[in-house]
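2 protein chains.
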Amino acid sequence: MARRTDSIALVLPTRAPEETAGRWLTRTLRAEVLEGRLRTGSRLPATRDLAAQYGLSRGTIVNAFEELKAEGYLQGAVGSGTRVSAVLPDDLLAVRVSPGTAPRQSPVLRRYTATARRARPLGTLDPLPARAFRANQPALDLFPTSLWAQLSARRWRRASVADLLGTPALGFAPLREAVADYLRQSRGVRCQAEQVVIVSGVQESLALTAQLFVEPGDAVAFEDPGYLGARRVFETLGARLCPLSVDAEGMRPPSRRLAPRLIYCTPAHQFPLGLAMSLPRRLALLARARSLACPIFEDDYDSEYRYSGRPLPALQGLDQHGLVYFAGSFNKVLFPSLRLGYLVVPPDAVDRVHALRSVAVRQPTSLVEQAVLTEFIVAGHFGRHLRRMRETYAQRLGALQEGVRRQLAGALELSPFEAGLQTAAWLLQPGSDARRLVHQAAARRVELEALDDYALRPLERQGLLLGFAAVPEAETRRAVRELARLLEREPD
Amino acid sequence: MARRTDSIALVLPTRAPEETAGRWLTRTLRAEVLEGRLRTGSRLPATRDLAAQYGLSRGTIVNAFEELKAEGYLQGAVGSGTRVSAVLPDDLLAVRVSPGTAPRQSPVLRRYTATARRARPLGTLDPLPARAFRANQPALDLFPTSLWAQLSARRWRRASVADLLGTPALGFAPLREAVADYLRQSRGVRCQAEQVVIVSGVQESLALTAQLFVEPGDAVAFEDPGYLGARRVFETLGARLCPLSVDAEGMRPPSRRLAPRLIYCTPAHQFPLGLAMSLPRRLALLARARSLACPIFEDDYDSEYRYSGRPLPALQGLDQHGLVYFAGSFNKVLFPSLRLGYLVVPPDAVDRVHALRSVAVRQPTSLVEQAVLTEFIVAGHFGRHLRRMRETYAQRLGALQEGVRRQLAGALELSPFEAGLQTAAWLLQPGSDARRLVHQAAARRVELEALDDYALRPLERQGLLLGFAAVPEAETRRAVRELARLLEREPD
Numbered sequence: 000m001a002r003r004t005d006s007i008a009l010v011l012p013t014r015a016p017e018e019t020a021g022r023w024l025t026r027t028l029r030a031e032v033l034e035g036r037l038r039t040g041s042r043l044p045a046t047r048d049l050a051a052q053y054g055l056s057r058g059t060i061v062n063a064f065e066e067l068k069a070e071g072y073l074q075g076a077v078g079s080g081t082r083v084s085a086v087l088p089d090d091l092l093a094v095r096v097s098p099g100t101a102p103r104q105s106p107v108l109r110r111y112t113a114t115a116r117r118a119r120p121l122g123t124l125d126p127l128p129a130r131a132f133r134a135n136q137p138a139l140d141l142f143p144t145s146l147w148a149q150l151s152a153r154r155w156r157r158a159s160v161a162d163l164l165g166t167p168a169l170g171f172a173p174l175r176e177a178v179a180d181y182l183r184q185s186r187g188v189r190c191q192a193e194q195v196v197i198v199s200g201v202q203e204s205l206a207l208t209a210q211l212f213v214e215p216g217d218a219v220a221f222e223d224p225g226y227l228g229a230r231r232v233f234e235t236l237g238a239r240l241c242p243l244s245v246d247a248e249g250m251r252p253p254s255r256r257l258a259p260r261l262i263y264c265t266p267a268h269q270f271p272l273g274l275a276m277s278l279p280r281r282l283a284l285l286a287r288a289r290s291l292a293c294p295i296f297e298d299d300y301d302s303e304y305r306y307s308g309r310p311l312p313a314l315q316g317l318d319q320h321g322l323v324y325f326a327g328s329f330n331k332v333l334f335p336s337l338r339l340g341y342l343v344v345p346p347d348a349v350d351r352v353h354a355l356r357s358v359a360v361r362q363p364t365s366l367v368e369q370a371v372l373t374e375f376i377v378a379g380h381f382g383r384h385l386r387r388m389r390e391t392y393a394q395r396l397g398a399l400q401e402g403v404r405r406q407l408a409g410a411l412e413l414s415p416f417e418a419g420l421q422t423a424a425w426l427l428q429p430g431s432d433a434r435r436l437v438h439q440a441a442a443r444r445v446e447l448e449a450l451d452d453y454a455l456r457p458l459e460r461q462g463l464l465l466g467f468a469a470v471p472e473a474e475t476r477r478a479v480r481e482l483a484r485l486l487e488r489e490p491d
Numbered sequence: 000m001a002r003r004t005d006s007i008a009l010v011l012p013t014r015a016p017e018e019t020a021g022r023w024l025t026r027t028l029r030a031e032v033l034e035g036r037l038r039t040g041s042r043l044p045a046t047r048d049l050a051a052q053y054g055l056s057r058g059t060i061v062n063a064f065e066e067l068k069a070e071g072y073l074q075g076a077v078g079s080g081t082r083v084s085a086v087l088p089d090d091l092l093a094v095r096v097s098p099g100t101a102p103r104q105s106p107v108l109r110r111y112t113a114t115a116r117r118a119r120p121l122g123t124l125d126p127l128p129a130r131a132f133r134a135n136q137p138a139l140d141l142f143p144t145s146l147w148a149q150l151s152a153r154r155w156r157r158a159s160v161a162d163l164l165g166t167p168a169l170g171f172a173p174l175r176e177a178v179a180d181y182l183r184q185s186r187g188v189r190c191q192a193e194q195v196v197i198v199s200g201v202q203e204s205l206a207l208t209a210q211l212f213v214e215p216g217d218a219v220a221f222e223d224p225g226y227l228g229a230r231r232v233f234e235t236l237g238a239r240l241c242p243l244s245v246d247a248e249g250m251r252p253p254s255r256r257l258a259p260r261l262i263y264c265t266p267a268h269q270f271p272l273g274l275a276m277s278l279p280r281r282l283a284l285l286a287r288a289r290s291l292a293c294p295i296f297e298d299d300y301d302s303e304y305r306y307s308g309r310p311l312p313a314l315q316g317l318d319q320h321g322l323v324y325f326a327g328s329f330n331k332v333l334f335p336s337l338r339l340g341y342l343v344v345p346p347d348a349v350d351r352v353h354a355l356r357s358v359a360v361r362q363p364t365s366l367v368e369q370a371v372l373t374e375f376i377v378a379g380h381f382g383r384h385l386r387r388m389r390e391t392y393a394q395r396l397g398a399l400q401e402g403v404r405r406q407l408a409g410a411l412e413l414s415p416f417e418a419g420l421q422t423a424a425w426l427l428q429p430g431s432d433a434r435r436l437v438h439q440a441a442a443r444r445v446e447l448e449a450l451d452d453y454a455l456r457p458l459e460r461q462g463l464l465l466g467f468a469a470v471p472e473a474e475t476r477r478a479v480r481e482l483a484r485l486l487e488r489e490p491d
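Keeping their order, the protein sequence lines are chains R and Z. Counting from 0, one number per residue, gives the positions in the first sequence under numbering that gives the first Met the number 0. Counting from 0, one number per residue, gives the positions in the second sequence under numbering that gives the first Met the number 0.
Here chain R stands alone, though its shape is the one from the complex:
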């Protein structure tokens, strides 16, 4: 009897009918320990008392105690009583483990599930999330969502075990073929499908290429002004960014003494200035890269939409020495949440990239999305979508150009510009301050970006980045009027 004086009274929650007695007992005892109702060192009632209290066989109780001893929750031996383990620190006591119960939903999730089914289909009542002059955003309201949904449903209906199993590390083979075909035909890229790596977007291509070549402290030659997303990848890796000026022919090649480990550029249309790199400049850049034995990352960003001139062949297509890593993405031409892009690597780099990729992510995004995109390209929907969007964007660009000519002459000048979803514009009035203008415009619901935000060294002229693709012409015209009112005022 003395043995039992320090034992505790055990009041366990009622057992559900579908749960076995043994499972219920181990689960609830474990919870009692973890939630602090059974303190470390405290003695449990004798098995016979527990058996009587809950109408269970003694064997059930003994088995439950043994399981909990094996797990470390209880200690003790037959005859000397069973105690809650002394090694359990107070730390443990706040943990709740209830493996048998169904998940309860958080308030946030309850709200989501309540509203998710009421969401309206695209293009009906959904407000456009963009204002003029938002940059880097396509006209999402014109994306053929229902066609994509059909292709997706059809692909899922045909899903095989092999589809569920996944794709090789470098991507779904038919998509790599379709991308290689597309790039050969429309971008002058020279490649086989084996050189195409399917990635989630240009950022992943950058991270992958940088990992191949850039160690902390290494010099990376970088367009100035240039794309911030790329800059951040190199900065994260501890690279030293060496700015390369951009003139009317595009980025100037790095000087020999820079000895960069990688050169980053956007030859199709320089970001953010918008101009294409001339053919002589491309050849000079390739020759310099060759003499430095330095690879080039060619970011083919937004090259799909050109409004004047004709595309020059990609740097990659001019390269005879396996120096160019060519990257593009479907996230801007289709929709940003797609997360599919491509990196074309030189033939002799395929094995290294494959090894690196297998380690980092094993597989790119979902196979079904890759398969749907393949079908979208192969069935000609991609080409049709590009043509349709090119017309729309040309009209939207026209509205911007006309608005600037009529209402902003003498105050703002669009930079020579050939392709993309946005254009650079120069402020002509003395004393102009692009960053101040960005803040003033925000108060009038006009989105602007200052070109200086993309510059490593201060630019000689004050300028803005103006997107025109995301919103209809009327919104662009409204924003032009607001901007004209702002620029008429004296600088304050």
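Simulated from the structure, these hints should not be mistaken for lab results. Just so it is clear, the structure is predicted and the values come from calculations on it, not from any experiment. Careful: at least some of the hints might be erroneous.
As the list claims (entries may be wrong) - Partial pick of chain Z residues on the chain R-facing surface, computed with a CB cut under 8 Å:
hint	residue
1	G71
2	N135
3	L139
4	A148
5	W155
6	A158
7	L164
8	T235
9	C241
10	S277
11	P279
12	F334
13	P335
14	R338
15	L366
16	E390
What the hints assert, rightly or not - Dumping the calculated SDA-like pairs for lysine to any residue here, alpha-carbon to alpha-carbon at most 25 Å:
hint	chain 1	residue 1	chain 2	residue 2
17	Z	K68	R	S244
18	Z	K68	Z	L55
19	R	K68	Z	A247
20	R	K68	Z	Q319
21	Z	K68	R	L282
22	Z	K68	R	K68
23	Z	K68	Z	R22
24	Z	K68	R	P415
25	Z	K68	Z	E18
26	Z	K68	R	A30
27	Z	K68	Z	N135
28	Z	K68	R	P279
29	Z	K68	R	L9
30	R	K68	Z	R251
31	Z	K68	Z	A30
32	R	K68	R	A30
33	R	K68	Z	Y306
34	R	K68	Z	L55
35	R	K68	R	T46
36	R	K68	Z	A286
37	R	K68	R	D140
38	R	K68	Z	R22
39	R	K68	Z	R287
40	Z	K68	R	T46
We put the beta carbon where it would ideally sit given N, CA and C, even for glycine.
Fit chain Z to the supplied structure of chain R, relying on the hints for placement.
Quick look at chain Z alone, frame taken from chain R:
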């Protein structure tokens, strides 16, 4: 007349009716240059001759020449004749750019598109791609593909502009909530949704965490034997792997003099040995990590399927000091090509991980897949799928256990084992050689892996890794019979 003596005869391909004359002329002239039919330095016919030859206005010809000069293909001035640029090296001549033409398909892609529409629905005629004893593979033929297809189609029909735009860098907010709920309830993880990062799988979680802590040359304490995929991430980063032995209680904590920068372990069930880390060992590991100020990567690999005992709370749930990074994946419990998993980071690491993530990939996988998974969890399909698969796998494990008991007693012993899709097994006969057996078994269409392949230091016993989840019981029984025949033979 003398001016024209060195000019070349120009024979251009016929113009398609829908193409404007100017566009046709620039396109074909560019192709003539790029494909080497117009050599560098060669002089073009006079504009008036060309105009007469092709029935075009002289203005059209002049405009085309000006455009090609601007692009760098041609050079020269009015009156002195127009020549193909001298700076074009022979390198250029093999590049083909034909931006106006529709993509032609490669033979591989033609075969794919011809067969893709004939693919059979899952589970009817599709052969299972796996043989016993394939490890690390779930029973894909039992995945509810048509339900997933329905959810996916419904989600696409409801897609909004915001859905196309994408998710924050750390993942789709409702999925982060659903994962946090699930982990709190069933894994004893203590977290808020803000700590959950949606990733493509455990490999990405590893790469992300390693990037936070591991520099080349740093020590990483690593279970031995352990998961090869994790080992490769650390090796790629140039880490020094310090093996930690595994005994009956799980991995031993690192000694103080190792001073590791990160500790990698699989507490729920050690890979590849299969045992769970005891509660005292978990507490000792946390105490040691605390005194070393060293973070722990807890790989919760395959913890969803347990066949005996009850889950201990995750290390993460026992940690009071923000040391544990907890990672799991849906790719094994649902299907490998899904590419969705989670990393739970300590609250004070959220900002750093967010910064790192925004740079490396911007967004995780496709928003729609994340939304479909959210619905799958929230509507209870996930719980039902887990319960159904747990029953199936328990039966498949039973067939393996019974087969080993009846036919391999004295030759093979299954290791104590609680969870997962595969189990370790020890070879009992003196002189056994696991790697030789792997090769012999392959000839009998039996897939084996040697435990030594997962070891940093040679193991004291020869053992195998046997998967049982991917194939029906009959296939496992066949493979057990084959193995029994192999092990009865004298070692040769």
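### Hints that the structure is at odds with (numbers, increasing)
Per hint list: 2, 9, 16, 22, 26, 27, 29, 34, 37, 38 and 40 violated.
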